[in-house]
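Starting from the known structure of chain G, arrange chain V on it as the hints suggest.
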Amino acid sequence: QKEVEQNSGPLSVPEGAIASLNCTYSDRVSQSFFWYRQYSGKSPELIMSIYSNGDKEDGRFTAQLNKASQYVSLLIRDSQPSDSATYLCAVRIPPISGGSNYKLTFGKGTLLTVNP
Amino acid sequence: DAGVIQSPRHEVTEMGQEVTLRCKPISGHDYLFWYRQTMMRGLELLIYFNNNVPIDDSGMPEDRFSAKMPNASFSTLKIQPSEPRDSAVYFCASRAGSPYEQYFGPGTRLTVT
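Taken in sequence, the protein lines are chains G and V. If you want my numbering, it's the position in the first sequence, counting the first as 1, plus 1081. If you want my numbering, it's the position in the second sequence, counting the first as 1, plus 12.
One chain only, chain G, in its complex shape (with noise of 0.2 angstroms):
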């Protein structure tokens, strides 16, 4: 079972609209939770960070965490030309064997168009 699941798109959106973009992961105690944007080309740059159940809004910009549900999703309002990209998830899981070893692990991206 892969541990970050995301939709690869393309996901297209009307300029003005709401873009909702999810993410899924394996049943561990995941802790942290990111959401990155990648421009084609460019590295991946981090947007937001989400620790606890519940929405953390920043701009145009939305979190939402739902652990029971393994469930995280990012929603982007009065989506611009500009936001088109991919967008990644990273849950920070911890190790099967234990320990402190906790790594990011990252989905595939969803690639997000926003029609002018």
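Any given hint might turn out to be false.
Far from chain V by the CB rule (all over 10 angstroms, computed), these chain G residues [unchecked claim]:
no.: 1; residue: S1101
no.: 2; residue: T1105
no.: 3; residue: P1125
no.: 4; residue: G1135
no.: 5; residue: E1138
no.: 6; residue: T1143
no.: 7; residue: Q1161
no.: 8; residue: D1164
no.: 9; residue: L1169
no.: 10; residue: P1175
no.: 11; residue: T1186
no.: 12; residue: P1197
To spell it out: a stretch of chain V is covered by chain G in this simulated footprint if at least three of its residues, at any positions, have a beta carbon under 8 angstroms from a beta carbon of chain G; those stretches are [unchecked claim]:
no.: 13; region: 50-57
no.: 14; region: 114-121
Result set (SDA-like, lysine to any residue): computed pairs, CA atoms no more than 20 angstroms apart in a straight line [what the hints assert, rightly or not]:
no.: 15; chain 1: V; residue 1: K36; chain 2: G; residue 2: L1127
no.: 16; chain 1: G; residue 1: K1123; chain 2: V; residue 2: S99
no.: 17; chain 1: G; residue 1: K1148; chain 2: G; residue 2: K1123
no.: 18; chain 1: G; residue 1: K1184; chain 2: V; residue 2: H41
no.: 19; chain 1: G; residue 1: K1123; chain 2: V; residue 2: A100
no.: 20; chain 1: G; residue 1: K1189; chain 2: G; residue 2: E1096
no.: 21; chain 1: V; residue 1: K36; chain 2: V; residue 2: G15
no.: 22; chain 1: G; residue 1: K1123; chain 2: V; residue 2: I38
no.: 23; chain 1: G; residue 1: K1184; chain 2: V; residue 2: S99
no.: 24; chain 1: G; residue 1: K1184; chain 2: V; residue 2: L58
no.: 25; chain 1: G; residue 1: K1137; chain 2: V; residue 2: P20
no.: 26; chain 1: G; residue 1: K1123; chain 2: V; residue 2: P20
no.: 27; chain 1: G; residue 1: K1189; chain 2: V; residue 2: S85
no.: 28; chain 1: G; residue 1: K1184; chain 2: V; residue 2: G54
no.: 29; chain 1: G; residue 1: K1184; chain 2: V; residue 2: P66
no.: 30; chain 1: G; residue 1: K1184; chain 2: G; residue 2: S1093
In case anyone wonders, no lab produced these hints; they're calculated from the structure. Please read these numbers as outputs of a predicted model, since none were measured by experiment. All C-beta atoms in this analysis are idealised placements derived from N, C-alpha and C, irrespective of residue type, glycine included.
Positioned in the frame of chain G, the structure of chain V alone reads:
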């Protein structure tokens, strides 16, 4: 404040040659990560260091890959000998002990012909 610095940005080499990628983490960050990104496999963690000590190298594909961190401000990832299947973008990232946000460098695009 400077971000993570990587060099070179692009590397084209022939099969069998040695390749060395370099990384300078953000000052004050004590964790350093090396990732590889391909279309097929996405972003994969190769190895990470804490306070210059390798903690987990389970993602290193094989013995042809090695990484070092001689001091807090410099790390290298070496491939010897290189093969065409090593062609990918290699990212270095760093973070502080807490919080857990990682910050990526611009990457090195490696092409092995």
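Status of each hint after checking the structure:
The beta carbon of S1101/G sits about 21 angstroms from the closest Cβ of chain V, which is more than 10 angstroms, so the claim that it is off the interface holds. No beta-carbon of chain V comes within 10 angstroms of the beta-carbon of T1105/G; the shortest separation is about 15 angstroms. The non-interface label for P1125/G is inconsistent with chain V: the shortest C-beta to C-beta separation is roughly 5 angstroms, within 10 angstroms. Look at G1135/G: its CB is around 18 angstroms from the nearest CB on chain V, clear of 10 angstroms, so calling it non-interface holds up.
Listed as outside the interface, E1138/G is consistent with that label: its C-beta sits roughly 17 angstroms from the nearest C-beta of chain V, beyond the 10 angstroms cut-off. For T1143/G, the requirement that its beta carbon stay farther than 10 angstroms from each beta carbon of chain V is met, with the minimum near 18 angstroms. With 10 angstroms as the threshold on Cβ separation, the claim that Q1161/G sits away from chain V holds: the shortest Cβ distance comes to roughly 23 angstroms. The Cβ of D1164/G lies farther than 10 angstroms from every Cβ of chain V, with a closest approach of about 19 angstroms, so its non-interface assignment holds.
At roughly 7 angstroms from the closest C-beta of chain V, the C-beta of L1169/G falls inside 10 angstroms, breaking its exclusion from the interface. The non-interface label for P1175/G is consistent with chain V: the shortest C-beta to C-beta separation is roughly 12 angstroms, beyond 10 angstroms. Residue placement check: T1186/G does not keep its beta carbon more than 10 angstroms from all beta carbons of chain V (closest about 8 angstroms). The beta carbon of P1197/G is kept farther than 10 angstroms from every beta carbon of chain V, the shortest such distance being approximately 27 angstroms.
Counting residues of the region 50-57 of chain V whose C-beta sits closer than 8 angstroms to any C-beta of chain G gives 3, which meets the bar of three, so the coverage hint holds. Counting residues of the region 114-121 of chain V whose beta carbon lies closer than 8 angstroms to any beta carbon of chain G gives 6, which meets the minimum of three for the stated coverage. Restraint check: the Cα-Cα separation between K36/V and L1127/G comes to about 18 angstroms, which is no more than 20 angstroms; the hinted pair holds. Note on K1123/G and S99/V: the hinted pairing holds, with a Cα-Cα distance of about 16 angstroms set against a maximum of 20 angstroms.
Between K1148/G and K1123/G the CA atoms are separated by roughly 31 angstroms; this puts the pair beyond 20 angstroms, and the hint is violated. For the suggested pair K1184/G and H41/V, the alpha carbons sit about 16 angstroms apart, so the restraint of at most 20 angstroms is met. The straight-line distance between the Cα atoms of K1123/G and A100/V is roughly 13 angstroms, inside the 20 angstroms bound, and the hint therefore holds. Proximity of K1189/G to E1096/G is assessed by CA-CA distance (about 24 angstroms); at most 20 angstroms being required, the pair is judged violated.
Taken as a hint, the K36/V and G15/V pair is honoured in the structure, with Cα atoms around 9 angstroms apart against an allowance of 20 angstroms. Distance hint between K1123/G and I38/V is fulfilled; the C-alpha atoms sit about 18 angstroms from each other, no more than 20 angstroms. A distance of roughly 24 angstroms separates the Cα atoms of K1184/G and S99/V; the hinted pair therefore is violated under the 20 angstroms criterion. For the hint pairing K1184/G with L58/V, the CA-to-CA distance comes to about 11 angstroms; that is within 20 angstroms, so the pair holds.
Our distance criterion of 20 angstroms between C-alpha atoms is broken by K1137/G and P20/V, whose separation comes to about 37 angstroms. The hinted pair formed by K1123/G and P20/V meets the criterion: a straight-line CA distance of about 15 angstroms does not exceed 20 angstroms. With a CA separation close to 30 angstroms, the supplied pair K1189/G and S85/V exceeds the 20 angstroms bound. Simply put, K1184/G and G54/V have alpha-carbon atoms about 16 angstroms apart, close enough for the 20 angstroms limit, and the pair holds.
A hinted pair counts as satisfied when its Cα atoms are at most 20 angstroms apart, and K1184/G with P66/V qualifies at roughly 13 angstroms. A distance of roughly 31 angstroms separates the Cα atoms of K1184/G and S1093/G; the hinted pair therefore is violated under the 20 angstroms criterion.
Hint violations for this structure: numbers 3, 9, 11, 17, 20, 23, 25, 27 and 30, all remaining hints satisfied.
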